[in-house]
Amino acid sequence: DTGVSQNPRHKITKRGQNVTFRCDPISEHNRLYWYRQTLGQGPEFLTYFQNEAQLEKSRLLSDRFSAERPKGSFSTLEIQRTEQGDSAMYLCASSLRGTGGDEQFFGPGTRLTVL
Amino acid sequence: AQKITQTQPGMFVQEKEAVTLDCTYDTSDQSYGLFWYKQPSSGEMIFLIYQGSYDEQNATEGRYSLNFQKARKSANLVISASQLGDSAMYFCAMREKAGTYKYIFGTGTRLKVLA
Chain A
16 DTGVSQNPRH KITKRGQNVT FRCDPISEHN RLYWYRQTLG QGPEFLTYFQ
66 NEAQLEKSRL LSDRFSAERP KGSFSTLEIQ RTEQGDSAMY LCASSLRGTG
116 GDEQFFGPGT RLTVL
Chain B
31 AQKITQTQPG MFVQEKEAVT LDCTYDTSDQ SYGLFWYKQP SSGEMIFLIY
81 QGSYDEQNAT EGRYSLNFQK ARKSANLVIS ASQLGDSAMY FCAMREKAGT
131 YKYIFGTGTR LKVLA
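Protein chains in written order, with the numbering used here: chain A, 16 to 130; chain B, 31 to 145.
Chain A with its partners taken away, still in its complex shape (with noise of 0.2 Å):
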């Protein structure tokens, strides 16, 4: 399978825990994208990642998230000190740089449950 891959598909946490997301994205993509999506809501945009760097992140993301993609390749999302409100679907997404439309490959997403 050659699309993007998230791990684990699901996850049951305790309030206070930390948790920790893996991405990895279509091997030649340089660009990563990671969202957060709730019931009945679109994506929201959390962070993107260009090569290694992170170079836009949103004001959704609290000091409690931080995300990482050493060498560039696969992504991890982890948040501390998990609330209920954290619990939601986190998408990633891959693109490759390039002119036009950045289209945007999703993966199957980690659903997070906070209880």
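Just so you know, these hints were derived from the structure itself, not from any lab.
Take these hints with a grain of salt, some might be off.
Only pairs whose alpha carbons sit at most 20 Å apart, straight line, appear in this in silico EDC-like list of lysine to aspartate or glutamate [what the hints assert, rightly or not]: (1) 132/B to 67/A; (2) 26/A to 74/B; (3) 26/A to 39/A; (4) 33/B to 93/A; (5) 103/B to 126/B; (6) 132/B to 83/A; (7) 26/A to 93/A.
Note that the structure is a prediction, hence the values are computed from the model and not measured.
Start from chain A and add chain B according to the hints.
Just chain B, lined up with the frame of chain A:
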């Protein structure tokens, strides 16, 4: 502030008929990109079509076309010859401005194709 508005929470269309999904946007920038994505019940977002703000012709991709009316700030998606597999959530999105990779999404329209 940039904003995407999708006013149709749900739509029905008869199989083989055409359907238009509405999207209006708000931006003060001259350079921006508009996108449509499909999200089936399986959850993965699928890119459908892109329109750049400077593109003079409406974008088309197979059965999908984007009716771009710049003065009205609308970017409606037209699906021709609807198929049962078109039943899904559809999201309109905008890349805020040139040089940024922050995307904003609308709240989506749920399309149901009837046999």
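Results for each hint:
1. For a cut-off of 20 Å, the pair hint linking residue 132/B to residue 67/A stands: about 17 Å separates their Cα positions.
2. For the given pair, residue 26/A sits about 18 Å from residue 74/B by alpha-carbon distance, which is consistent with the 20 Å threshold.
3. Under the criterion of a C-alpha separation no larger than 20 Å, the hint pairing residue 26/A with residue 39/A is consistent with the structure, at around 17 Å.
4. Distance hint between residue 33/B and residue 93/A is unfulfilled; the C-alpha atoms sit about 28 Å from each other, more than 20 Å.
5. Between residue 103/B and residue 126/B the alpha-carbon distance is near 14 Å, which keeps this suggested pair within the 20 Å criterion.
6. Between the alpha carbons of residue 132/B and residue 83/A the distance comes to roughly 17 Å, so the proposed pair stays at or under 20 Å and holds.
7. The hinted pair formed by residue 26/A and residue 93/A meets the criterion: a straight-line CA distance of about 12 Å does not exceed 20 Å.
In summary, the structure is inconsistent with hint 4 from the numbered list given earlier, while agreeing with all the others.
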